[in-house]
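Trainee: Chains A and B supply the protein sequences, listed in that same order.
At position 403 of the first sequence the residue is numbered 403 (my numbering), and the sequence of numbers has no breaks.
At position 318 of the second sequence the residue is numbered 770 (my numbering), and the sequence of numbers has no breaks.
Please note: incorrect hints may appear among the correct ones.
In silico negatives: residues of chain A with every beta carbon more than 10 Å from chain B [as the list claims (entries may be wrong)]: (1) Gly20; (2) Thr25; (3) Val26; (4) Val48; (5) Lys51; (6) Gly83; (7) Gly87; (8) Lys103; (9) Lys110; (10) Ala137; (11) Val419; (12) Gln420; (13) Asp441; (14) Ala447.
Not close to chain A: a few residues of chain B, all C-beta gaps over 12 Å, as computed [said to hold, decoys possible]: (15) Pro490; (16) Phe505; (17) Gly539; (18) Val584; (19) Gly587; (20) His664; (21) Trp692; (22) Leu694; (23) Met729; (24) Val804; (25) Gly817.
Label-pair ranges, simulated between beta-carbon atoms [what the hints assert, rightly or not]: (26) A:Ser217 with B:Lys491: 15 to 23 Å; (27) A:Pro148 with B:Lys491: 45 to 53 Å; (28) B:Asp486 with A:Asp81: 43 to 51 Å; (29) A:Ser217 with B:Arg809: 49 to 57 Å.
These are calculated hints, taken from the structure and not from any lab test.
All of these numbers come straight from a predicted model, not from anything done at the bench.
Positions of the beta carbon are idealized from the N, C-alpha and C atoms, including for glycine.
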Amino acid sequence: MSFFGFKGGVHPPELKAAAGKAIETVPPPQTAVIPLAQSLGKPAKAAVAKKDAVLRGQLIGEAQGMVSANVHSSISGTVKDVGPARGPLGTFVECVFIESDGKDQAAEFKGADLNALSPQEVIDRIKAAGLVGMGGATFPTHVKLAPPPGKKIDTLIINGCECEPCLTADHRLMVEKADDVMAGAAIFRKALGVARAIVGVEDNKPDAAEALSKSASRHGVEVAVLHVKYPQGAEKQLIKALLNREVPSGGLPMDVGAVVQNVATAKAARDAVVEGRPLYERVLTLGGGAAQGNRNFLVRIGTPFSEVVKFAGGTKGDAMKIVSGGPMMGLAQATLDLPVTKGTSGILLLTERETGPQRMFPCLRCGKCYDACPMGLRPALISRCVEKRRFDELEGLDVLDCIECGCCAYECPANRRIVQNVKRGKAEIAKIRRKRKEKEDKAKAEAAKPKA
Amino acid sequence: MPEENKDTTAKEAPAAPASGRKPLFSASPHITSDETVPKIMWTVAAACAPALFVGVYFFGPAAALVTGVCVASALATEWAATRFFLGRKETTITDGSAAVTGILLAFCLPSSVPLWQAAVGAAIAVFIGKTVFGGLGCNIFNPALIGRAVMLAAWPAAVSGAAFLEKTASGALSLPSAVARVPNFVDAMTQATPLAAIKEGKFDASACPSWHDLNNLFIGRCGGCLGETSALAILVGGIWLLFRKIITWHIPVVYIGTVFVLTLAAKAPDAFKQQSMEPVLYMLQWSLFHVLAGGLFLGAFFMATDMVTSPMTGAGKIVFAAGAGALVVLIRFLGGYPEGVCYSILMMNMVVPLIDRFIKPRKFGTAGGPK
Chain A
1 MSFFGFKGGV HPPELKAAAG KAIETVPPPQ TAVIPLAQSL GKPAKAAVAK
51 KDAVLRGQLI GEAQGMVSAN VHSSISGTVK DVGPARGPLG TFVECVFIES
101 DGKDQAAEFK GADLNALSPQ EVIDRIKAAG LVGMGGATFP THVKLAPPPG
151 KKIDTLIING CECEPCLTAD HRLMVEKADD VMAGAAIFRK ALGVARAIVG
201 VEDNKPDAAE ALSKSASRHG VEVAVLHVKY PQGAEKQLIK ALLNREVPSG
251 GLPMDVGAVV QNVATAKAAR DAVVEGRPLY ERVLTLGGGA AQGNRNFLVR
301 IGTPFSEVVK FAGGTKGDAM KIVSGGPMMG LAQATLDLPV TKGTSGILLL
351 TERETGPQRM FPCLRCGKCY DACPMGLRPA LISRCVEKRR FDELEGLDVL
401 DCIECGCCAY ECPANRRIVQ NVKRGKAEIA KIRRKRKEKE DKAKAEAAKP
451 KA
Chain B
453 MPEENKDTTA KEAPAAPASG RKPLFSASPH ITSDETVPKI MWTVAAACAP
503 ALFVGVYFFG PAAALVTGVC VASALATEWA ATRFFLGRKE TTITDGSAAV
553 TGILLAFCLP SSVPLWQAAV GAAIAVFIGK TVFGGLGCNI FNPALIGRAV
603 MLAAWPAAVS GAAFLEKTAS GALSLPSAVA RVPNFVDAMT QATPLAAIKE
653 GKFDASACPS WHDLNNLFIG RCGGCLGETS ALAILVGGIW LLFRKIITWH
703 IPVVYIGTVF VLTLAAKAPD AFKQQSMEPV LYMLQWSLFH VLAGGLFLGA
753 FFMATDMVTS PMTGAGKIVF AAGAGALVVL IRFLGGYPEG VCYSILMMNM
803 VVPLIDRFIK PRKFGTAGGP K
């Protein structure tokens, strides 16, 4: 099928050394450290206490409120502790420590026939399984599947772009589990009650596109091959590329009738609905020049990064940077002592050469960031405003529209820390708005007083 | 207990690299393109090489000497100014921007210019043109053109007179002779450039540059400043810069295009009055003459495209270049100077902040796009 493309974007080196490597299984860890906050929104509440015996796949964290996701044990054993540990953001978060009993005994999973389920039952199963967006954003999946009544959804998009360099986890999943991914797409389609489902794959993964095409007709899902460009896997850009619809500024994909789900999430949905198996493991890529071989691993949630690296044979020379996620949008980490979570699409040990020149120069106003920005923003100006602490001007520069894809900073010849400044700018805007609201509330309260 | 031991070794093994260096902890993206500011600047400097070779070929070693003096003076000024005026510890001469300023200033000087004047000009270009604004990236005017404008005011005879290739024959110049002098590599003489010859009213309305003249102008076989005469050599460097994505097509194409179109229009009345040749050819040849003569190519590929002093967006660049092109034609046809490239760019530099304020990229998700 044809596609429409999107403005801006960059072509970073692909670095996909693990593209041809089959998914290997990392043995379950001795101690799993499972954060209770593995999704956007509220952290889950611990459903187990110290010394409780748990089975693999047993619920250990209960979702709290609307936007939140269940958390399950990834191994069988005993709860050693419930307390703080370093989480995926590098900060200390509440985690459940589970000591393995070595048996890896699974809880009872109840499978189901998709045809016998109503859309609401499908969503309930997905919710129970604790599914979140596995591309990295970790937005609870069931929330996306239940749009508010006013929103009419007509298309489901399955995101198989994996436009981030280095990462090949989704690629391998599409090649090896194409039918499961397509089955997952069909499940989402049923949950949403839409007619059309498209899987978007970039043309640097012809084997994945071919594998998907084979089961496309069986599940009634289209496969669209897109020209490689980063950030094609960003929701808004993918919708534009496939449907030529622009999500309005400040809006969500559902505002243009689309819902986007990652391929790994689709596979997890199939496991959850068909097998009744919750999300307690995921495929990730170990990448970067400082890792001993770049490979794809099926890893239990809660396995420390260090064990994955050790399983792969350790490090090779010094890592300039440790990154969880992809090199464009992932998070730098100070240590390997943190657990794999539902959103960990990769563990990268980048060398000095891969990270590129670091020295900062003054902005040349070259305009490369303007051209690279897929959101049509003015990164150089935003960055300068933050550097000069002119925070009050930031709202006018649409900082909140920034998706932090990093194209601007990637292209910047002066190595300005544009994304860092954007993050800072967003925080400053939040501060300004909070203050403004406080002031307004105060004024309102005072205006109300004399009347009363 | 044994499990705990296992746990700690697993944690420590890869987390403590041999050198003990801590991993870099900074915001995404974690990879960057290989492009850096020094790379850009030195590439621009290298792209000037063809024009310099042609300059040395036609104007002799003096061309190289003037360029060398300008670069040396620019670098020395950059070093001293950032150190003592801006108070920065790290030297900025390695970033290449001062060297580029020196080269470009030299390119718009005749090879006969006194060397001390060239040195002073380069120092002014760097200090007044750039450092006083806060250094690289902060200046609003093209530094090299500031240097040239100051020199034009201070030593008009030495700067505006072109280095010429041959002693002029006495008597009135005809246009062909002004353009097509065969080099004999004797000492460069101060003489009129083709544009100056026109300004001085040496031709009547029926005169028109021939294809032979245009060919000479294209190659650079004519009087003028040492780096600006050869459109061919500048084109070679300019295309390389385009290919390297250091400049975009907007400014060169629109700038030169505007001059071409406006000259066509300006020459139309004469074209239909004169009887000696086809009006269309007459207009075309004059337009090509104005495109190739003087410093338009140098300005269009190397000066107006200066990143710091040109607009950020493509549309902004088009407005900027169209304005500069119109100013060139205005100055050449109606103004007091024979050549308008320098002032046209400086004047448009002034409105760049304004252009950038009003011409913005279209934000994703706003209006326009089909639902």
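Trainee: For every hint, state whether the structure bears it out.
Mentor: Do the hints match the structure? See the list:
| no. | hint | in the structure |
| --- | --- | --- |
| 1 | Gly20 | holds, 21 Å |
| 2 | Thr25 | holds, 18 Å |
| 3 | Val26 | holds, 12 Å |
| 4 | Val48 | holds, 19 Å |
| 5 | Lys51 | holds, 16 Å |
| 6 | Gly83 | holds, 16 Å |
| 7 | Gly87 | holds, 16 Å |
| 8 | Lys103 | holds, 15 Å |
| 9 | Lys110 | holds, 33 Å |
| 10 | Ala137 | holds, 14 Å |
| 11 | Val419 | violated, 5 Å |
| 12 | Gln420 | violated, 4 Å |
| 13 | Asp441 | holds, 30 Å |
| 14 | Ala447 | holds, 35 Å |
| 15 | Pro490 | violated, 8 Å |
| 16 | Phe505 | holds, 27 Å |
| 17 | Gly539 | holds, 15 Å |
| 18 | Val584 | holds, 15 Å |
| 19 | Gly587 | violated, 7 Å |
| 20 | His664 | holds, 40 Å |
| 21 | Trp692 | holds, 17 Å |
| 22 | Leu694 | holds, 14 Å |
| 23 | Met729 | holds, 44 Å |
| 24 | Val804 | violated, 9 Å |
| 25 | Gly817 | violated, 4 Å |
| 26 | A:Ser217 with B:Lys491: 15 to 23 Å | violated, 51 Å |
| 27 | A:Pro148 with B:Lys491: 45 to 53 Å | holds, 51 Å |
| 28 | B:Asp486 with A:Asp81: 43 to 51 Å | holds, 47 Å |
| 29 | A:Ser217 with B:Arg809: 49 to 57 Å | holds, 54 Å |
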